[in-house]
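Just so you know, the protein sequences line up as chains F and D, in that order.
Residue numbering for the first sequence follows my numbering, starting at 3 and increasing by one per position.
Residue numbering for the second sequence follows my numbering, starting at 863 and increasing by one per position.
These are computed hints drawn from the structure, not numbers from a lab.
Heads up, some of the hints might be wrong.
[What the hints assert, rightly or not] Here are some, though not all, of the chain D residues that point toward chain F, as calculated from beta-carbon distances under 10 Å:
(1) Glu875
(2) Phe923
(3) Val963
(4) Cys977
(5) Pro979
(6) Ile990
(7) Lys1038
(8) Trp1052
(9) Phe1087
(10) Met1090
(11) Glu1107
(12) Arg1108
(13) Thr1129
(14) Glu1144
(15) Gly1145
Glycine included, every Cβ here is placed at the ideal spot set by N, Cα and C.
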Amino acid sequence: MAETLVIDKTSLLSVLSAAAETPGLMAPTRRGRASFAFDRITDCRQVALEYVRTVLPPKNAFLPTREALLEFALEPEQQARAVIDSTPVVLFGVHPCDLSALEQLDWAFLDRHDISDPHYAARRRAVTIVGIDCMPDDYCFCTSVGTETMRGGADLFLTPLTEGYQVEVLTAKGRALLGEAPLRDATPEERAAGDAWRQAKADRITRRINTQADALPDILERRHDSPIWAETARRCYSCGTCTTVCPTCFCFDVDDAMEPSLSGGSRKRRWDSCQFLDFALVAGPHNFRGERPDRVRHRWFRKFAYLNREYGRPFCTGCGRCTQACTTDIDLTGVLNEVIAEDGREAP
Amino acid sequence: MAATPGQRAAAREQLYVPRMGTIVRTEDITAVDRLFGIELPGRRPLHHAPGQFVQLSIFGFGEAPISVCSPPSQTESFELCVRKVGSLTTALHALGEGDRVGIRGPFGNGFAIECMPKMDVLIVAGGIGLVPLRSLIKDIQDHREEHGRLIVLYGAKSPGEVLFARELARWGARRKNEVLVTVDEPADGWNGHVGVVTTLIPKVRIDPPNTVVVSLVGPPVMYKFVYMALMEIGVPDDQMFFSLERRMKCGLGKCGHCQIDGRCVCTDGPVFSATELKTMHEGI
């Protein structure tokens, strides 16, 4: 059981101010009227302590949209060296769904196929993560995928109280971040208030996946040839917004960029999307997902069938970003529930 | 000597960094296909198995998966046969002896037919699909007593596109071997078989329960025809292996490009049995 303490808001802001100086702070901050983004913070008054979701997930702290994997020189002779960034930073304000996503990215980059990606690993080790609990909106469905109380990967976790925050100290790194900040044990009333927050959060969620997560792989396999994929694809532009805003999407492309002097350059990795036409293109040319319904179906299968089976949970955290961001209002849970309903009508 | 933690950490950092190989010989195979002999630093062996591939890179042009076409017994250097089709392969064709290329790998599972000893091996290849199978054919020659008959059925588009013609003739002349070549579009002077590679299947004696099939053909729809023809004569699904082609960016099961359903071709493949392929929607 994690140590449960209480910190007042002023002390918390002092901790953040100190972190902003050393080692550096990344936190949600307001952009425009109602949007939020994880960004580098120099003044802790810019930190949004309450927000529903950021447009992009915090994954680019570990998997930047574009990063050099290696630098190469062509002269005097060809050689290359790995670019490993292990600059420490404090990542503050990560909601439970996004903590779940980091745990899932850890599996994908550090454990899957027993191969550990050194670039992801170095950044991951260098980051101290402070989670914070949230109040959902109509797009959230974390309770359907079991992420609403996730703490995975966090070093500290905060739950807002009327005065101050309940602090769960989850690692030694988290304890060290708190430094000399004045902390006290939570009173029974404050513990109850934390429980009440979590209950209120769960009660507020109205969006649901209408079946158990572990039933989804079989349902989807049975509905592989459902007309729902083509119907959904008719509204899809293959713009890749859904995969870009997804906290668990991790597909990437790699290409070389030359220095203007042509004496060397770097090999770069950037986020890619299975929704793009050329993603599964091979020589010939032959495209294994050349039709849009194939790509649309792949997204639901990847999240709720393939990786759900391999990892043991859906590769979806219920954050609601893809549905909110979709330019043609394609609704992730809506489509999934149509598939579930069709299966209920037609399955033997 | 065991690696120190520091050495192990350094090795991990090198996951995406290629070793610099040196091109030690080239040979034109057709007008567009060229064989490259590549030596790793210190003439270290690649330690590959037939059917595995490397990620070949030229800095500034990028990286691509290329099948190894030499047998494991050839250790001082290894061979890649590359068709000039895109920017990377065009850049490779511009290189010659002494030039350096990046090599990562080997990757993939390989054909792994040694688990079926003494069986006849039927190889069905189309076009440049012969390239990785050449590694297997040569490996079978190296361990000839461990296998039954070797039957190679090879189809190319035209006589000018037949790869390794002299080697095919040499393999066919050996005891316990049979090699048939066909072309889709015969040219003047061609007096061999005409038609797609599956038309060769009835021309050879196949003992289905005692035959392991290894196939690499194209375009992808050809796999279905090869499978159907061999399934009809009774070759069991778990004795048929197909090597698939996908675009890959990492070779490490991370980038997502080579996914077939839930599998990664780079780590779970590129060789899949017909039993496995039948459970996959996007395989062939």
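Results of checking the hints against the structure:
For Glu875 of chain D, the interface hint holds, the least distance from its beta-carbon to any beta-carbon of chain F being 4 Å, beneath 10 Å. This hint holds: Phe923 of chain D has a C-beta 6 Å from the nearest C-beta of chain F, less than the 10 Å allowed. A hinted interface residue such as Val963 of chain D counts as satisfied when its beta carbon comes closer than 10 Å to some beta carbon of chain F; here the least separation is about 9 Å, so the hint holds. Interface hint at Cys977 of chain D: violated, since its Cβ lies 22 Å from the closest Cβ of chain F, which is beyond the 10 Å cut-off.
Hint status for Pro979 of chain D: violated, given a least beta-carbon distance of 29 Å to chain F, over 10 Å. For Ile990 of chain D, the suggested interface contact is upheld, since its CB lies about 9 Å from the closest CB of chain F, less than 10 Å. Look at Lys1038 of chain D: its Cβ only gets to about 34 Å from chain F, farther than 10 Å, so that hint breaks. A least Cβ separation of about 25 Å between Trp1052 of chain D and chain F goes past the 10 Å threshold, and the interface hint is therefore violated.
Contact between Phe1087 of chain D and chain F, as hinted, is not supported at the beta carbon level, the nearest pair being about 15 Å apart and thus beyond 10 Å. A cut of 10 Å between beta carbons decides the hint on Met1090 of chain D: the least distance to chain F is about 19 Å, and the hint is violated. Restraint check, Glu1107 of chain D versus chain F: the minimum CB separation of about 5 Å is within 10 Å; hint holds. At its closest, the beta carbon of Arg1108 of chain D sits 6 Å from a beta carbon of chain F; the interface hint therefore holds under the 10 Å criterion.
Taking 10 Å as the C-beta cut-off, the interface hint given for Thr1129 of chain D holds, the closest approach to chain F being about 5 Å. Because the beta carbon of Glu1144 of chain D sits about 5 Å from the nearest beta carbon in chain F, less than 10 Å, this interface hint is met. For Gly1145 of chain D, the interface hint holds, the least distance from its beta-carbon to any beta-carbon of chain F being 9 Å, beneath 10 Å.
Hint violations for this structure: numbers 4, 5, 7, 8, 9 and 10, all remaining hints satisfied.
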